[in-house]
Each structure stands twice: as structure tokens, then as C-alpha cells.
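Sequences listed follow chains A and B, in order. Read left to right, the first sequence gives residues 1 to 111 (the numbering used here). Read left to right, the second sequence gives residues 1001 to 1112 (the numbering used here).
No wet-lab data here; the hints were simulated from the structure. What you are looking at is a predicted structure, and each value in this text was computed from that prediction instead of being measured. Quick reminder that beta carbons are idealized off the backbone N, C-alpha and C, glycines included. Just so you know, not all the hints are guaranteed correct.
Claimed, not checked - Straight line, CA to CA, 20 Å or less: simulated SDA-like cross-link-like pairs of lysine to any residue:
no., chain 1, residue 1, chain 2, residue 2
1, A, Lys57, B, Ser1003
2, A, Lys57, B, Gly1001
3, A, Lys57, B, Asp1094
Said to hold, decoys possible - Between beta-carbon pairs, the in silico distance windows are:
no., chain 1, residue 1, chain 2, residue 2, range
4, B, Ser1058, A, Asn28, 24 to 30 Å
5, A, Asn26, B, Asn1111, 21 to 27 Å
6, B, Thr1070, A, Ser67, 38 to 44 Å
7, B, Ser1003, A, Pro39, 26 to 32 Å
8, B, Thr1070, A, Thr15, 43 to 49 Å
9, A, Leu11, B, Asp1054, 41 to 47 Å
10, A, Lys57, B, Asn1111, 39 to 45 Å
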Amino acid sequence: EAQVTQNPRYLITVTGKKLTVTCSQNMNHEYMSWYRQDPGLGLRQIYYSMNVEVTDKGDVPEGYKVSRKEKRNFPLILESPSPNQTSLYFCASSRNRGGEYFGPGTRLTVT
Amino acid sequence: GDSVTQMEGPVTLSEEAFLTINCTYTATGYPSLFWYVQYPGEGLQLLLKATKADDKGSNKGFEATYRKETTSFHLEKGSVQVSDSAVYFCALSDQGAQKLVFGQGTRLTINP
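Okay, chain A solo, but in the shape it has when bound (with noise of 0.2 Å):
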């Protein structure tokens, strides 16, 4: 089954104290993404990736950290989270533009 997973799927942090957050696709696919869902403020991309080793930033970087080793991983790193990194993070995985896949999210809270 062609899917997009992520770990973990809620996860409650202090200030601070380094975190990551994985992702994984099957399909192959080159592209891949990260996203936050804000109430309010809709999804905005974070960061993303057009093939292994090429990363670059999207609308909200700060903060966060990428890597791109292996085409099917995407882990999404906060070296050190704040309050205002509360949110519900997606990743997402696509061919082309034809459409992204997106994992099932995960809700982080920084406290």
C-alpha cells in the first residue's frame, strides 16, 4: 500500500530538549515535504526536498531542520523547540506536481 508514515504521532516536549520527528515514504518519489497546520493559519510549508542530499526552505524554516539521505526519509528536526512550535506537522511525498501524498500528522506540544 502506497502510503507516507510518520513518528511519532503525538508527542509532548519541554522547552528545549531536542527533538525529531520521521517520516517515510514507499512510493519513490523524489520530492518530499514538510508542513504545519495552524488554527487560523492554514498549512505553510516548512521545508522540502527535490531528491536526496537537495533541501531548501519553504514559507516558516526557522526553527527547524532537515536532512535527506535516503529517497524514502524525510525526518523533520528541532534542535530546540519552543512554545510556538505547537502545532500538527505533516509530511508529504509527490512524483511531480501532480499532487502530494500526505503521512497522517503528528501533534506536537512544547510546554
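Add chain B to chain A, keeping to what the hints say.
Positioned in the frame of chain A, the structure of chain B alone reads:
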């Protein structure tokens, strides 16, 4: 920059009613247009898409036509069901851009 505007929700309808959710866009190029649906507790699912003017996307009884002259991509369904209750997002992807630009989302509730 590119933007998408959706009709504000929430929208509440009775089962078997006709549904329209309006979506208009602003883009510098010739974007592809999408509708996504988000069921409670789940990620976004691609519902339908259109890649050029006058294309009609359709899926699960939903339809939307890419209207370049009015820069619109309204979502329609002739007879909604309780299971259609969800949040619907209109989105665009412009040429050369490496992201989707989303509307705010419209929460739809269908009552039996």
C-alpha cells in the same frame, strides 16, 4: 504572491443536499489546482485535481472545473452523505514552485 481563498465555514447541510464550496485563486503563472479532504484525526487526502484551464477533476461524486477566466475552482457534489463530513482544502501549485499553497479550509458537517 500566490494565494487561495475559500468560502468561510463552517458549512452545515442535510443529507442529500447539493454542495458548493467556493475557491478562487491568485497566481502569477499557470497553476495546477487541487482539492484535499481531511477527516477527523487524519492527514490530508487528495480528492481531485486539474492541471489546465477547463479541465474537470472528479472523484467520489465530487467535481471541480478549472476556470481561468474567473480564477476559480469551486467544489460541487450533487447529493452529500454524512460520511462527507470533513474539512476541505483548496490548493494550488504554481509552475516552478516547490510547494502547495492552501486555502484556509472549510469545515463541512452533514446531518442525517
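Notebook entry, point to check: Which hint numbers does the structure go against, in order from smallest to largest?
Noted result: Of the numbered hints, 5, 7 do not hold.
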